[in-house]
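Chains as they are written, first to last, in our numbering: chain U, 299 to 1126; chain W, 203 to 649.
Please keep in mind that the hints were generated in silico from the structure rather than gathered at the bench. Do not rely on the hints blindly, as some may be mistaken.
[Said to hold, decoys possible] Pulled a few chain U residues facing chain W out of the computed Cβ check, cut under 8 Å:
1) Pro351
2) Leu352
3) Leu353
4) Val356
5) Gly357
6) Arg360
7) Arg373
8) Gly374
9) Lys377
10) Thr383
11) Cys420
12) Gly427
13) Cys429
14) Gly447
15) Gln497
16) Ile501
[Unchecked claim] Simulated restraints on C-beta separations:
17) Ala376(W) <-> Gly330(U): 51 to 61 Å
18) Asp283(W) <-> Glu446(U): 49 to 59 Å
19) Arg772(U) <-> Met268(W): 12 to 22 Å
20) Asp388(U) <-> Met268(W): 21 to 31 Å
21) Glu502(W) <-> Asp504(U): 34 to 44 Å
22) Pro632(W) <-> Phe452(U): 52 to 62 Å
23) Arg772(U) <-> Asp367(W): 47 to 57 Å
C-beta atoms are modelled at their ideal positions from N, C-alpha and C, and glycine is treated no differently.
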Amino acid sequence: MTTTPERTPATPGAVDLVTVTIDGVNVAVPKGTLVIRAAEQVGIAIPRFCDHPLLEPVGACRQCLVDVPDAGNGRGLPKPQASCTLEVADGMVVNTQATSGVADKAQQGVMELLLINHPLDCPVCDKGGECPLQNQAMSNGRGDSRFEGVKRTFPKPIHLSPQVLLDRERCIVCQRCTRFAEQIPGDPFIALVERGAQQQIGIAEDAPFLSYFAGNTIQICPVGALTSEAYRFRSRPFDLVSVPSVAEHDACGSAIRVDHRRGKVMRRLAGDDPEVNEEWITDKDRFAFTYATAPDRLTYPQVRDTDGSLRPASWPEALAVAARGLAAARDSAERPGVGVLPGGRVTAEDAYAYATFARVALGTNDVDFRARPLSAEETDFLGSHVVLTGPGGGGVTQADLESARTVVLAGLEPEDEAGAIFLRLRKAVRSARSRTTVLTLAPYLTRGSAKLHARLVPTAPGDEAGALDGLADRAEELAGAPLGPTDVLLVGERLATSPGALSAAVRLAEATGARLAWVPRRAGDRGAIETGCLPTLLPGGRPVADAAARVDAAAAWGVTTLPERPGRDAEQIVAAVAAGELAGLVVGGVDPADLPDPAAFRAALERAEFVVSLELRATEVTAHADVVLPVAAVAEKAGMFVTWEGRPRPFPTVLAGTNRLPDSRVLAGIAEELGRPLGFRTVAEVRDQMEALGAWDGDRAAARPVPARPVPAAASGAAGAGGGRSTDGHRLATWKQLLDLGSLQDGDPALRASMRPAVVRVGTATYEALGRPAQVRVTGSRGAVELPCVHEPTLVDGTVWVPTRSAGRGVLADLAAPGERVHVEVAP
Amino acid sequence: MSIPPLTPVLTDNWDAERSWTLDSYAERGGYDALDVAFGMAPDEVVAAVKDAGLRGRGGAGFPTGMKWGFIPQDPSAPGGDKPKYLVVNADESEPGTCKDIPLMMASPHTLVEGVILASYAIRAHHAFIYVRGEVLHVVRRLQRAVQEAYLAGHLGRDIHGSGYDLDLVVHAGAGAYICGEETALLDSLEGRRGQPRLRPPFPAVAGLYASPTVINNVESIASVPAIIRNGADWFASLGTEKSKGFVIYSLSGHVRNPGQYEAPLGITLRELIDLAGGIREGHRLKFWTPGGSSTPLLTEEHLDVPLDYESVGGAGSMLGTRALQIFDETVSVVRCVLRWTEFYKHESCGKCTPCREGTWWLVQTLARLDAGQGEEGDIEKLLDLCDNILGRSFCALGDGATSPITSAIRYFRDEFEAAMHTPTSVSFPPAASTAWSDAAATAGVGA
């Protein structure tokens, strides 16, 4: 990490304050504050529809009219003013509906007008009961309407996208949705069409509202005009119980609100966490929750019977069988040992339980949360530059992204892999104050990068180290200024597959003073690092190699010694099992298709003597397991995710009384059967033990820098070879799109239909050389895929891009490893 | 009473042979003002227009020279480092208004010359004429005039050897009344949906493409060549003390000779009607609009109000675009107001609630009155609705929609009351208002 934890001037020293009088109450607010916000400061709620604090003012609905008898210059404003567009001035006097008859009448007049063409179908409207129009019509409207005429009508709802429906009759065209789409994610696929009372929200014929953030429009719609296919007509707000929680689909830790009814989650909404996601979440965070109620959800423990089939078992029996089998594997004569693969979806508490279970119950450091391509360089990097960093200790935060002058992205596609980062960067680049520039080291300029107005540093997979090394000199040319302490370098977990890249990132940060942060994809990844789910780290960032650190942990766990040798990483564990060196496996939420080599993992499952699977649903792992232990989904347990920033985000149990056990409870049960209790049973007890153990205050393991792999001649810059080049030997660039075939997105057909289609992207030379094909076949070391071909002019020549998990069993199982050479040809 | 002399300046060449051609325009000294202006500093041109007292002819009457002076020329001022633009608002769409379109039909070069002078004054190198799309014949004449001006060296690089460059683009709108609102016009010109923008920032600082922009009415810009040619004093000597110069009055409706009458500001309707040959034979004036349907209507009692900005304002209306629509006693004011309100409902852009929903409602209530099915309380409701729209809407369109209704009720409340039981088609048979009504009556048609 760089040694400059100084905060950027995000907190400007002196704020110019102006004093205004609202309904007779004086309030001092920063210059430039809108009257409607200033009124909130003194507890006066002015009714509003189009106004939204995170959107630019528009002044369309006119509901927030107030009287301004003194504009601060001694003169009053002749007409009522929209308080959502009027900035305060020193000495201004504002009278709202509470004290001004003019303002009150103006507001009641607007409200009456808003309702004349509104269907007033509240009894059958999803929004009824939580509707700003309904509520404010009650609080600031007339008792009844004087309108005696004919209402404007439209045919009932139309689909803006597979997920989002629009009921145009209910719409009051406040433009919150269109402004959101344009300003926040930069997806202006919805716009106003027609005019007058016929004005409505519309889409172009061939361009549905396919934004990864479309669901937010439903939430900010102040009427029931926008509804989701998933929730429409499913429930009434007043029947729902709301619990604040944290989204489990990426490492951002976005706040959500989970609404459930009779033991079933009905919907999820964005929570308000200004430090993390503000008020926005991705559609994945919003709609992907039905995996927990999938028909193949495991509901009871199973053990492998003598005839080889799985049979139901009681919990005590299953735990006993698991303990017996693991003890045998641990103490096996010819291939002693058990590897632990918790996966990246775990809560911090569950991760801690896995880490503890491995050390205490199995006596091994063979534990690794990474169920994806990884490297030893990354293992080192996580121990030396990631663990224990956080907002309190000068770590990079979401807010830092907003105030940074330059943000460099390497191996990270925020729109696909970290939605909250993407939105924060959008905000930063749109802000006139920070004028942030984004540089992205990527194989091509993605749509997400284009929306960040990012400058592309064309980088073929594997060349990231060289590109990062070059950036120290090129940043000024690319971003207008050399990198410095106000700048941020965000590296994604995919850099693990690029030898030397993480070392180069560290070098770049140290050379320029730019601040470095690592962004994983899964919600549990960062927590798993902090809690010791790595072969080299014990909980609290304690290096396995450090005797004092081991003593620390052993004392807390009440054991005399801990294994001294750093363990195997996930890839080595799989290899060791497959090679007959390890006998057993404990596997958490791991999808074989995500692993560096799915085939190798399948082989390991076959070869393992004893496999314990802790899972939600039936998978390939449970099919091979000797003991299958059903565990609680996120909504069914309390826990905590640690965000990529290192920020803890705890959440309570949403669905109480399901009797489902978190991984930690299951592991504790096995450990007790093994005669090596872990010292906790409940999540609260896990937390107590984690807190008691605390963070390591000793030295960190030093990273061993890995040199960049020499860049082959056919790399990024050498596109000059032109169309004559063979289509052989393309390097495979790949990452997961936000919405794909991931199993946590199962069960919502509308969400899956919003997925971006699986395509192969090729550069100009390849596209031309192949004769502009519609469909191509890509062949690699592990198989071949056939997908539509898209010409991507910015794609680095000699590379080909395929989404990791959008078709078939995914790239890792069906095609090749990231960065490997693949062959592209026209589909036969 | 003597008939005051007309002062044909803008309209002077309208009767010339092929007046819209460059040859015809040049014959009368066209484009001579350019050389006068190029001999002056741009600021001197601004000063001349200021001194002349030219006020905006688009309706609001804002001093044109002052508007030009708002353009930041100091590079350190906000927007000062950006290019400047002149945009001519030729989206003439106000009901009753027909001055810019005839002007551009008859003498497009007057406008083009004015554009060059104004652009020079504000140091713009790009100018746009945003012309209403429906008037295709005008669009074509303008395009040809611009082409002729380019060919003759009045536009393009190094105009008249002055070193001054100017490109002029004629842009046809898509026919929306709202695009006559200057910020909606800018959005439309930029290729967006034409809806009024939030102000501030004002166009003078961040207008077209977020750069300093002057938006002037056709007639304002067309008045500039005469000011430069004849001097500010000459212009200021015409009109009244605060409303200087000459304007085009467009008389339509029940007068013998409707048309465009160019006269100094301050002339009265009585004088103009005399010039137009009087009210239709056998009829008398009932009500009129001074400046299009968005200006509160006036009656016979206002015949002697000087038609300048201040006096018409003093009479409770606005000079507006000087679209004098004359209605005689055969016209139902309720029906007339309904027609205007239908226009506003059709043209409301939809952005803000009061205008969008209010016009929808107003039409329905007025339609019932028109059908003789009004109800007790309808008049009060109309007035209250207008009160909830006027000054509450986003731009002036909503305000304008209320003007005919409130002023009609002020002067003709009894007609609205009668409409609660008698359809206007009975109290005011529509045929009687038509040009052939007398013939029809004598022939017994419809009797």
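Given Ile501(U) as an interface hint, is its Cβ closer than 8 Å to any Cβ of chain W?
violated, 14 Å
message = Interface hint check: Arg360(U), Cβ to nearest Cβ on chain W, cutoff 8 Å. Holds or violated?
response = holds, 5 Å
May I ask you to test the interface hint for Gly374(U) with respect to chain W, counting a Cβ-Cβ separation under 8 Å as satisfied? violated, 13 Å
Discussion item. Given a cut of 8 Å on the nearest C-beta pair, is the interface hint for Gly447(U) held or broken against chain W?
Written reply: Status holds, d = 4 Å.
- Message: Checking hints one by one. Is Thr383(U) an interface residue toward chain W, by the C-beta closer than 8 Å rule?
- Response: holds, 6 Å
May I ask you to test the interface hint for Gly357(U) with respect to chain W, counting a Cβ-Cβ separation under 8 Å as satisfied?
Cβ of Gly357(U) sits 6 Å from chain W, so the hint holds.
**Request:** For the range 52 to 62 Å, tell me whether the beta carbons of Pro632(W) and Phe452(U) fit it or not.
**Result:** Roughly 34 Å apart at Cβ, these two residues miss the hinted range, so it is violated.
Original post:
Hey, does the Val356(U) contact hint survive, CB to chain W under 8 Å?
Top reply: holds, 7 Å
Checklist line | Supplied distance hint 49 to 59 Å, evaluated on CB atoms of Asp283(W) and Glu446(U) | finding: holds, 57 Å
Discussion item. Quick check on Cys420(U) please, does its C-beta sit within 8 Å of some C-beta on chain W?
Written reply: This interface hint is violated because 18 Å lies over the 8 Å limit.
Note to self: Does the beta carbon distance between Arg772(U) and Met268(W) stay inside 12 to 22 Å, or does it fall outside?
What the structure shows: violated, 50 Å
Would the hint on Leu353(U) be counted as holding, given a Cβ-Cβ threshold of 8 Å to chain W? At about 13 Å, which exceeds the 8 Å cut-off, the nearest Cβ of chain W leaves the hint on Leu353(U) violated.
The structure fails hints 1, 2, 3, 7, 8, 11, 12, 13, 16, 17, 19, 21, 22 and 23 (numbered hints given earlier, in ascending order).
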